[in-house]
Amino acid sequence: MTILSDVSFAVDGGDSVAIVGPSGAGKSTLLALLAGLDLPSTGSVTLNGHDLNTLDEDGRARVRAQSVGFVFQSFHLVPSLNALENVMLPLELAGMKDARDAALRITDEVGLAERRSHYPAQLSGGEKQRVAIARAFATRPAVLFADEPTGNLDARTGEKIMTLMFDLNRDSATTLVLVTHDSQLAARCDRVLTLDAGKLVADEAAAA
Amino acid sequence: MKALSFALKSLRRELRSGEVLVLLAAVTLAVAALTAVGFLTDRIGKAVARQANEVLAADLRLQSQEPIPESWRTLAAEYDLRTADMASFPSVVYRGDDNALSTLVAVGDGYPLRGTVRIADRLFGDEQTAAGIPAAGTVWADGTLMARLGAEVGDVLEVGSARFPIAAVVTYRPDQSVGFASFAPRLLMNTVDLPSTGLIGVGSRVTYALLVAGADDAVEDFAAAIEPELPDSLRLRSAEESSERAFAAADRAQRFLSLTAVISLLLSAVAIAMSARRFALRRMDPVALMKSLGATQGFVIGVATVQILLIGLIGVVVGCVIGFAVESAVSWVLADIISGDLPPAGLRPVALACGSALLLLAGFALPSLIRLRNTPPLRVLRHDAVPPAPSRILVAGASLAAVTGLLYQSVGDAELLVYVLGGIIAISAVLYLLGRGLVAVLGRFRSGVGVAWRYGLANVARRGRASAVQVVAFGLGLTVLLLLTLVRTDLMESWRRTLDENAPNQFLINIQPDETDAVRRIFEERGIEPPALSPMVRARMTLINGESAKDQSFPDPGGEWFVNREQNLSWAAALSDSNEILDGEWWPPGYDGPPLVSIEEERSMETGLGVGDHLTFEVAGQTVAATIASVRKVNWDSFQPNFFLVFSPGALDDYPTTWIGSLRVEPEDRDALVSLVRAHPTVSVIDLDSVLKQVREIIQKATLAVQAVFIFTLAAGIAVLFAAVQSTIDERRFESAMLRALGAGQRTVLAGVMAEFAALGTAAGLLASAGASALAAVIAEQLFNLPYTFNPLLWIVGLGSGVVVVCASGYLAARGAINAAPVDVLRGAAA
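Line by line, the protein sequences are chains B and C. For the first sequence, the numbering used here gives the first residue as 1, with consecutive numbering after it. For the second sequence, the numbering used here gives the first residue as 209, with consecutive numbering after it.
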């Protein structure tokens, strides 16, 4: 079964790109391929200069540890670790020595200084997503992948979270790849890619 | 019908899923533990029942340390009863230079009056019923004696001063006594040959018996008639009394083993409850779907029930096979310490195991199935719609009823049941609290360690309750195994250390007064330290402070036993090195006043007798009285001849006396013993080294049998671990995927999971080592009066095996989750 075919594009460093399209268009599959979570049966993906096809799973994991951050729709925090430890996780996986200091700094930046020692179960949805964003930006990744980051949040909280994300994106010159249903959100990106039935049907600069 | 075929179809697929396998393993283990113990106790019980009627080889047995007067035989004949003579005593038997201590059993015409003797014409040959008793001038030896002497049928044995060819191997005697045999093998001979051995004389330890049998009422009349006439020296034993004791012994063994099986059973129950819960959870989606498509609750629960029953059925079959195999192995190991062959086991244990499997499943799996039945069809639309949890009272009630039912089946004693249940609940509660404490402490370490350890420790802490259950379940099995292996050898070792290297290793008994100088000389001539000899006079206690000894009550049942048994009295001028006075005073040198006696400490406590009490004995038909002058502590480990009652010199001078002594004989000097026994055939030599070796062997074999049962406990502990991991496998799979998405290599994910199990294993190992050490200290100091020595090996082995086994089982249980594909994270559930 072919999920994606004839999808070809390049994203420049520092750009923000939204991937939009109806359900089943292949948005999540495309995201998985871009992040090296999965490999395409044909074709190739180059991430931050690494040809993912030539790397094994652990090799791709190393690339992710060094240059990729994730924000998921369902937050996906490790329930057994507290907020600070969740943020420390990718820093330690990337082998950084001052993981704790870096994590303390970034939890401050996202406004979670008071909630650091709380466990995910004790946090609200918005707070969880702040932790997830802190975790994503903690390693200063070259690319940030976000999968429906506001999908599980009410409109006001979602708005705050997006503002935070775009601010961090701008400040740290990170490339942002955002999968979303939300056309307002897509409009805040530099560029919008539209998928339909596994094909790239539009590639345009955002209106705003 | 529809439910059945659907259940069968899906079960084949389900068998590959983890929780079904764990459920199956738990049922299998419970059934295997129950049947192994059931088969074994059933066979022992049957052996007891079979022999109950013939355990005396007669209906009545008159027993005495002196020859039975002819008048009793005549009286029996008047009641139309048949009689036969018997005499037995310990003696060393020779074949060339090989010798073995054995019990000589001399039997007269007519023996046995009940049951039959079976013999074979060679060792392990086909057995047949013996037509009579050994012909005059020949003997029949049992297999153990043949093996010990390396003898074959036809070989000549030296017994005292006589020589007899072995005419047959005895394979079964009705009165060989059920249960655990005494160490000495038996040699059956004809009573007419007794005088020629020269072993019967003053002071020899012969038990004479007159066997009596006949019609039931004639036996009763005879017993009623002689009862009031019996002198103190004569004991009447009836078949009921003897078999009651055998039944009691078998019953105790059965209860002990059943209790050990119950521990495995309870752990299995925990595993069943855990895996049944997941079994039900996993079926919620398909059930909701089927319900939304119009399936009824009856169909839904029918399918699940049929599947659970099928799992139970497979578990019962496999468990019975394992149980049978283990039982066969255990009774093979026990073969030479249980006398007589065991009859084959019946099917009762299988029925019991089936019933127990059903009860376990009903009590521990049914609540989850009932919950499954109530799955709302809404779940097809809203994933978080779950059925109401079954009421806690229902779950607790069903489980408790199941456990109580099981315990009652195997223990069968309401009072004991209350104690056991209370004990198990209390111990589990304590262990559980300790486990939680350990888990919490481990959790605190995580800020100071690397990412893999932090992740693993965090998981242990988050699943605190499940972690504690795993630690306890596994730690329990490990504790018992440590006790049975390391602690047992430790205790034996520390006992051996308390023994003097140069302690005597040979006991000489039954030395006649005119032989003492010659015996000493045999050793002196060879430059061996001769034995210090003590005199021994056999007596019976008749009066305590002027009142009949029989009618007294004592602080301890041991006191009654001591007072009523045949006493071995001694006398001494000086206190032995191995004795210490605790109360009163030892008589001064040269004392020749009225008779005084010194009593041993434990006997004093059991009987309540102390300094100033007045004792009267009957010795060879005369009366001797003495006042207790002191209470002594005896160091029995000195292997010196020691006596419970020691008289002042002169008090026992005029009575029939034999002498006993102990000495150390190095292996190269053993020919001295051969010369001794050749020159003085009535002297018996008991080789302590070989007795100790036999004791060790028996302990080793008995613990091996118990270990086999406790292996089930350990396996059930592992089943609990598997069940607990299974119940978190989805979470684990998702978390592994996420860690990998965040850039963790496979090695890091694996390290995190292994850190978790290593922590659990450490906690279980600590718990087991601490438990085993505490129990060992109590056992050593309270039970055996040995100093407890701390053994670091216990902790190393406890911790080591805890970590290794938990990590290995944990890896097996969780390996599916470790290799989760990172792309799963995009499809995962909410955290």
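Accuracy of the hints is not assured; some may be wrong.
[Stated by the list, open to error] Distance windows between CB atoms, simulated:
| hint | chain 1 | residue 1 | chain 2 | residue 2 | range |
| --- | --- | --- | --- | --- | --- |
| 1 | C | D938 | B | D171 | 53 to 61 Å |
| 2 | C | G645 | B | D171 | 28 to 36 Å |
| 3 | B | D171 | C | N1027 | 48 to 56 Å |
| 4 | C | A1029 | B | A173 | 44 to 52 Å |
| 5 | B | D6 | C | V525 | 53 to 61 Å |
| 6 | B | A197 | C | G645 | 37 to 45 Å |
| 7 | B | G59 | C | A982 | 50 to 58 Å |
| 8 | B | P22 | C | N1027 | 43 to 51 Å |
| 9 | B | A197 | C | A648 | 52 to 60 Å |
| 10 | C | Q908 | B | K97 | 28 to 36 Å |
| 11 | C | D938 | B | G111 | 31 to 39 Å |
| 12 | B | G59 | C | L912 | 50 to 58 Å |
To be clear, the hints were calculated from the coordinates, so they are not data collected in a lab. For glycine and all other residues, C-beta sits at the position ideal for the given N, C-alpha and C.
To see whether the hints hold, each was checked on the structure:
1. Evaluation of the 53 to 61 Å hint for D938 of chain C and D171 of chain B yields a failure: the beta carbon distance comes to about 38 Å.
2. About 46 Å separates the C-beta atoms of G645 of chain C and D171 of chain B, a value inconsistent with the hinted range of 28 to 36 Å.
3. Checking the proposed 48 to 56 Å range against D171 of chain B and N1027 of chain C shows it is violated: the Cβ atoms sit about 38 Å from each other.
4. Our hint of 44 to 52 Å for A1029 of chain C and A173 of chain B is violated, since their Cβ atoms are close to 31 Å apart.
5. Judged by the Cβ atoms, the range 53 to 61 Å given for D6 of chain B and V525 of chain C holds: they are separated by roughly 58 Å.
6. A197 of chain B and G645 of chain C have their C-beta atoms about 59 Å apart, which leaves the hinted 37 to 45 Å range violated.
7. With their beta carbons about 52 Å apart, G59 of chain B and A982 of chain C fall inside the hinted range of 50 to 58 Å.
8. P22 of chain B and N1027 of chain C have their C-beta atoms about 33 Å apart, which leaves the hinted 43 to 51 Å range violated.
9. Distance hint check for A197 of chain B and A648 of chain C: the Cβ-Cβ separation is about 54 Å, which falls inside the suggested range of 52 to 60 Å.
10. Between Q908 of chain C and K97 of chain B, the C-beta spacing of about 57 Å breaks the proposed range 28 to 36 Å.
11. D938 of chain C and G111 of chain B have their C-beta atoms about 32 Å apart, which keeps the hinted 31 to 39 Å range intact.
12. Taken as a hint, the range 50 to 58 Å holds for the pair G59 of chain B and L912 of chain C, whose Cβ atoms sit roughly 53 Å apart.
Of the numbered hints given earlier, the model fails hints 1, 2, 3, 4, 6, 8 and 10; all others are met.
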